[in-house]
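Colleague: First to last, the protein sequences are chains A and B.
Here my numbering is used: position 76 in the first sequence is 76, and no number is missing along the way.
Here my numbering is used: position 108 in the second sequence is 108, and no number is missing along the way.
It is possible that part of the hints are untrue.
With beta-carbon atoms standing in for the labels, derived distance ranges [said to hold, decoys possible]:
id, chain 1, residue 1, chain 2, residue 2, range
1, A, V61, B, D111, 21 to 29 Å
2, A, S60, B, G204, 23 to 31 Å
3, B, E192, A, D78, 32 to 40 Å
4, A, S60, B, E118, 23 to 31 Å
5, B, D200, A, S60, 34 to 42 Å
6, B, E159, A, V61, 34 to 42 Å
7, B, D15, A, V61, 38 to 46 Å
8, B, R129, A, S77, 20 to 28 Å
9, B, D64, A, V61, 52 to 60 Å
10, B, N184, A, D78, 26 to 34 Å
11, B, G162, A, D78, 44 to 52 Å
12, A, S60, B, A17, 45 to 53 Å
13, A, S60, B, Q7, 42 to 50 Å
By construction, these hints were calculated from the structure, which means they are not laboratory data.
No residue lacks a Cβ here, since even glycine has one placed at the ideal position from N, Cα and C.
Now for the letters of each chain:
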Amino acid sequence: MTTAVQPAGGGGAAGHPSSSGLAADPDTILDKGLVIDAYVRVSLVGIELLTIDARVVVASVDTYLRFAEAVNRLELSDTEKQGLPDLIEDVQSGGAKSKTKGALEAAGDKVRDVLGDGQERQPADDRREDDRR
Amino acid sequence: MGDPPGQVSIVRVGDIAALVSEVATDRPLGEPADLDAHANILDTTAAEMPVLPMRFGAVVESRDAVAEELLREHHDEFTAALRELNGKAEYVVKGRYRQDVILREVLAESDDAAQLREAVATKPDEAARNDRIALGELVYNGIAAKRAADTERMVSELESLGVKIAALDPTHDEDAVHVACLANRSAQSELENTVGRLADEWDGRVSLRLLGPLAPYEFVVTAGQE
Numbered sequence: 001m002t003t004a005v006q007p008a009g010g011g012g013a014a015g016h017p018s019s020s021g022l023a024a025d026p027d028t029i030l031d032k033g034l035v036i037d038a039y040v041r042v043s044l045v046g047i048e049l050l051t052i053d054a055r056v057v058v059a060s061v062d063t064y065l066r067f068a069e070a071v072n073r074l075e076l077s078d079t080e081k082q083g084l085p086d087l088i089e090d091v092q093s094g095g096a097k098s099k100t101k102g103a104l105e106a107a108g109d110k111v112r113d114v115l116g117d118g119q120e121r122q123p124a125d126d127r128r129e130d131d132r133r
Numbered sequence: 001m002g003d004p005p006g007q008v009s010i011v012r013v014g015d016i017a018a019l020v021s022e023v024a025t026d027r028p029l030g031e032p033a034d035l036d037a038h039a040n041i042l043d044t045t046a047a048e049m050p051v052l053p054m055r056f057g058a059v060v061e062s063r064d065a066v067a068e069e070l071l072r073e074h075h076d077e078f079t080a081a082l083r084e085l086n087g088k089a090e091y092v093v094k095g096r097y098r099q100d101v102i103l104r105e106v107l108a109e110s111d112d113a114a115q116l117r118e119a120v121a122t123k124p125d126e127a128a129r130n131d132r133i134a135l136g137e138l139v140y141n142g143i144a145a146k147r148a149a150d151t152e153r154m155v156s157e158l159e160s161l162g163v164k165i166a167a168l169d170p171t172h173d174e175d176a177v178h179v180a181c182l183a184n185r186s187a188q189s190e191l192e193n194t195v196g197r198l199a200d201e202w203d204g205r206v207s208l209r210l211l212g213p214l215a216p217y218e219f220v221v222t223a224g225q226e
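Same shape as in the complex, but just chain A:
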């Protein structure tokens, strides 16, 4: 066995991804580091207790719908900038409710951005359900 100092995964260039490594993101450290024959016997006990939300980015319909929703929010915030006449028109056509939601969601996103977590999916999905009604 040799211990080599090289990028895990063997590649140095973009397009040869392995996973990542930093204390803030547990999934990045968990499967990193040297594995030595000797401690196969006793080692790696109980790691399953750390339930890791392995945030592998996998495209899905849900992901796409979330982005479509984000585009929709973008339009709502653009509309808001157009000023009062548009606002009145929207109230008349029943658009005010969703506009308020859009603003609230945008504020929520900011808070989450500051917090830096990636857990926003669930609430976003809930709101989408509401919007349909």
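Put chain B on the given structure of chain A with help from the hints.
Modeller: Below, chain B without anything else, positioned relative to chain A:
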């Protein structure tokens, strides 16, 4: 590790040493605090001297086993790897797109987007579902293309510093870059300047973070491990 935390002690063999602590066998190992402790010790050490990170959760039977099975058995290869790491540490560059900015960028560059947005806006909710999915997919793929381009840019900037680089998987749909590099600690300010230049250039578009010095998690592999 553990609660109360075990004391970290040193097991020496020849030129190398292992940082170890005892773990209680009557409690589960592998809680978040344990991982934090593991990373803290490694990163703190990496800031001072070369260190080889062992995989989290690695346990051997006794101090003697650490000395014999780990250190003595692998003494020469560990020494060689540590020599290679001398003066170096890992740094990770992480960037996240600002959602509204990247969405506008992607939408503006696609002819199909306007058509799909129109369809989504005019059709009733249920009828527009497929259009919403198509629009979302277009945006998703657009961001992925931006990520690839911006990552390539970051990698080429870092390469100009002569550091070893590992491109890492994105951890979020809106990640812009996620790259690790193995750099000389003495050249950290150059690294900061380079990343800082890109941070300025991407100001308002990508929020960039440079993390480190860290233990070289991405740059040690056991042969045959992959």
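Colleague: Determine for every hint whether it applies to the structure shown.
Modeller: Consistency of the hints with the structure:
1. A:V61 with B:D111: 21 to 29 Å: 23 Å, holds
2. A:S60 with B:G204: 23 to 31 Å: 30 Å, holds
3. B:E192 with A:D78: 32 to 40 Å: For E192 of chain B and D78 of chain A the Cβ distance comes to about 37 Å; the hint holds.
4. A:S60 with B:E118: 23 to 31 Å: 25 Å, holds
5. B:D200 with A:S60: 34 to 42 Å: 35 Å, holds
6. B:E159 with A:V61: 34 to 42 Å: 38 Å, holds
7. B:D15 with A:V61: 38 to 46 Å: 56 Å, violated
8. B:R129 with A:S77: 20 to 28 Å: This hint holds: roughly 23 Å between Cβ atoms.
9. B:D64 with A:V61: 52 to 60 Å: With Cβ atoms ~56 Å apart, the hint holds.
10. B:N184 with A:D78: 26 to 34 Å: 47 Å, violated
11. B:G162 with A:D78: 44 to 52 Å: Distance hint for G162 of chain B, D78 of chain A holds at roughly 45 Å.
12. A:S60 with B:A17: 45 to 53 Å: 47 Å, holds
13. A:S60 with B:Q7: 42 to 50 Å: 47 Å, holds
When each numbered hint is compared with the structure, violations occur for hints 7 and 10.
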